[in-house]
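There are 2 protein chains.
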Amino acid sequence: MSEAVTPRSQDYAAWYIQVIQRAELVDYGPVKGTMVIKPYGYALWENIRDQLDRRFKATGHQNAYFPMFIPYSFIQKEAEHVEGFSPELALVTHAGGKELEEPLVVRPTSETIINYMFEKWVKSYRDLPLLINQWANVVRWELRPRPFLRTTEFLWQEGHTAHATPEEAEEETLKMLDVYVDFVYNEAAIPVIQGRKSDNEKFAGAARTYTIEAMMGDGKALQAGTSHNLGQNFSKAFGTRFLTQDGTLEHPWQTSWGVSTRMVGGVIMTHGDDKGLVLPPRLAPVQAIIVPIWKNDSEKAAVKEMVLRVEQTLIAAGVRAKADLSEQETAGWKFNEYEMRGVPLRIEIGPKDVEKNAVVFARRDRPGKEGKQFGIPADDVGRVAIEWLADIQQSLLERAIQFRDSNIVDVETPERFAEVIANGQWARAWWAGTGTDERKLKDETGATLRCFPLSQPGGTGRCFLTGAEASEVAVFAKAY
Amino acid sequence: MSEAVTPRSQDYAAWYIQVIQRAELVDYGPVKGTMVIKPYGYALWENIRDQLDRRFKATGHQNAYFPMFIPYSFIQKEAEHVEGFSPELALVTHAGGKELEEPLVVRPTSETIINYMFEKWVKSYRDLPLLINQWANVVRWELRPRPFLRTTEFLWQEGHTAHATPEEAEEETLKMLDVYVDFVYNEAAIPVIQGRKSDNEKFAGAARTYTIEAMMGDGKALQAGTSHNLGQNFSKAFGTRFLTQDGTLEHPWQTSWGVSTRMVGGVIMTHGDDKGLVLPPRLAPVQAIIVPIWKNDSEKAAVKEMVLRVEQTLIAAGVRAKADLSEQETAGWKFNEYEMRGVPLRIEIGPKDVEKNAVVFARRDRPGKEGKQFGIPADDVGRVAIEWLADIQQSLLERAIQFRDSNIVDVETPERFAEVIANGQWARAWWAGTGTDERKLKDETGATLRCFPLSQPGGTGRCFLTGAEASEVAVFAKAY
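Protein chains in written order, with our numbering: chain F, 115 to 594; chain G, 115 to 594.
Hints are supplied without guarantee of correctness; some may be wrong.
Copies of the same chain look alike in the list, so a pair counts if it fits in one copy or across any two.
[As the list claims (entries may be wrong)] Here are the simulated BS3-like cross-link-like pairs (lysine-lysine), alpha carbons at most 27 Å apart as the crow flies:
id, residue 1, residue 2
1, 289, 556
2, 237, 448
3, 418, 448
4, 483, 554
5, 483, 389
6, 556, 191
7, 389, 414
8, 146, 466
9, 146, 234
It should be emphasised that the hints constitute simulated quantities derived from the structure, not laboratory data. Since this is a predicted model, take the numbers as computed values, not measurements.
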């Protein structure tokens, strides 16, 4: 466990796979493409889940749970949906010792089964808006799996709402994108570019898809969350109608939006460094690790007493603190171990600290002396730890913002575009190309159109590829 | 929604099905045997989950997540396990557009896949005890489904632990049974008989199964949670070994334990009455509903202001309070509606209450005048509500204990046994019969051996069926 990982700068992919295993976030399941989320990884996911769930409830959404098995015929009802998801489906054909009359799809997403239920529940404008969220596992058969980023089974939340007007549905779609933006900035310290997906990249069955795109440490983009305006596509396919206030019948307008365990991968790849994980304090399962240092039994008793006292002070102050009193490993081994695990704050307590009734703080995000402070009074650790954790959180976000902004390059020609992409950066450019142009660009450079940012320069410009007049800029990047 | 349900006393099964639908706890899914847990039902489950999860963490367990798809060959490794679960399995045979080489089982429980991982993780006594819990969905194909009680897919938690000695495993098995006992008494207000299952009724693959058995309102038993001592059955099947402190290799001793959405059914059937649900305050999604009463607009403004003020006071005091200010329905309709939904405390506020700056409390568990109190000062609502809710919680538990104790009958002959069972009660008796005897009793009377209670009279007695000397009493009942 104390063995060092391949440096990030040397081989990013190897670094990622080594870090997630050595930090005990995840392991491989027996079926290809599946992962086991180990306790440390799951605790990180629980914090992500709780912070999102709090925001969903504060915006009026209620949790519910829908069955995982969807009749195959449901998937076929929405034309784009079946086309998009068919290659990734897992099918149950036998159950209870018999072959089923109709195969069941293990949900890849729940628009179809939820709309089947909405058809029963929504009868009048008084039943709207219907604001539902579900925490669940979903299955999409992956050919090139990678833990957290693409796995055959993953955990996520999927919001599903129905509204009386198209304006209200669009407003909800953007509101939930804002909830995701608020979460990634304030909890995960991940800056994003929020924008609209191109028709090529939108969700199979959506009228419009909005996305938050994060820049990973290697410059690749990670789609970290999406919010879809489904229009009436699914309510028409499932025959859902409501009586309007005017007494007419209308199909509701709908949205869906999701964030998954992929977010764990985003946290790792945004903040991690050569030594391993660097976790944002607000999501870290352990915010402060206390490491005792002693040479002999007489020192041990006094140090141990102070370590437990400081741990209690921190917990009472609301800090997720843990003391590692195990005697199997050295203090040095523990330093490496908790650096690997990305614990934001390390607190060292040795015999000299006991004498002074003071402790040593060391922050994970600044290596060496620069991030270390001696002589913090033991009675003050609660207040100081909270201040340090807030500062670490803020520093991680600022560093990530700076990295993002210094790696998005405005381009005006195909040659410059290819250069920027080959350099592992993102290209921003006026765009008036077609879906076919997008696919060609991807074949030639590996980059996809990540989104049309919501924040636009205004006016018009020349499309860098076709030279035609364009009314929007788009950002392009290689992506996970 | 205001329509009354079939009285419980008249047709218990019809009452159950009507109540869970009218109170909007659940709906039927499109695939036979599946259920949709609606927001009100899911909020109840979230409270159950949070209260259990808190107890698991306090006893040193960590959450993790294991894949849902289990290679078919895993299920076959433990002989009793495959025999017990085979008839209920759902199989994925096709995925990603291809037929799979080996079918995948959708987990009915996770002992096999978790032991496959434990084999990789457990190498030394230092890795033990390993204390894991998982919150997940599981699938068991049900021929006679009933929402919450038996469904093809359900939600649950499954604890899985590994230990260095058989004594430690037995201690853990009983400790987690105690955690369940603590939960059902203190949160769900459900008294239980805790005991050991007979060999006939134990978990497929366990050395010993312990259970908590609850008595529903119709006298039937509900197995509300189980805790299994697995011995070395799975660690041998999966070849897991650890290096002991003595330097020898040994298979770890294991446990597993689970509580599911079935608990929601237990809450409904323990406390519900002819008017609908009666929820224990500690689990109720809404603890106090505030219903305004007004006749005209001038009254309305003042009442509304006070309703919102009281709502804020209650929320600030930590009460899950909600004001229903909707104007589509009458106060009388709302009274019925929230009685149906089992809200423990109703607070009425009308023009006269505004004048006196006081409110009316009415408790769900005591109908009519007896449960109603006028003139509770508005400034006092927080304190008084908390007192009332605690008293309601306690009263529900006492009522359920009294019902349970008055319906367990000691029997000494087969004739008396048949009478007691036919009367919808539980029979307690000295028992020295065989598994075959148990099956015969079930065929003749419909009753199964629910458990050998942990609390035993001591000494020996004559088996009521065989007349042989017996060292334990058992309880028998018809069960869900």
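Here's how the hints hold up against the structure:
With identical chains, the CA atoms of residue 289 and residue 556 are never at most 27 Å apart, being 31 Å at best within one copy and 58 Å at best between copies. Taking the shortest Cα distances, residue 237 and residue 448 sit within 27 Å of each other only across copies (21 Å), while inside one copy they are farther apart (61 Å). Taking the closest pair of Cα atoms, residue 418 and residue 448 come within 27 Å of each other only inside a single copy of the chain (16 Å); across copies the shortest separation is 60 Å, beyond that limit. In the homo-oligomer, the alpha carbons of residue 483 and residue 554 never lie at most 27 Å apart, since the shortest distance is 50 Å inside one protomer and 77 Å across protomers.
For the homomeric pair residue 483 and residue 389, the shortest alpha-carbon distance inside one copy (16 Å) is at most 27 Å, but the shortest distance between copies (69 Å) is not. In this assembly of identical chains, the alpha carbons of residue 556 and residue 191 never lie at most 27 Å apart, being 31 Å within a copy and 47 Å across copies at closest. Neither within a single protomer nor between protomers do residue 389 and residue 414 lie at most 27 Å apart by alpha-carbon distance, with minima of 29 Å and 65 Å respectively. For a Cα distance limit of 27 Å, the shortest separation of residue 146 from residue 466 qualifies neither inside one copy, at 52 Å, nor across copies, at 69 Å.
Taking the closest pair of Cα atoms, residue 146 and residue 234 come within 27 Å of each other only across two copies (17 Å); inside a single copy the shortest separation is 38 Å, beyond that limit.
When the structure is compared with the earlier hints, violations turn up for hints 1, 4, 6, 7 and 8 and for no others.
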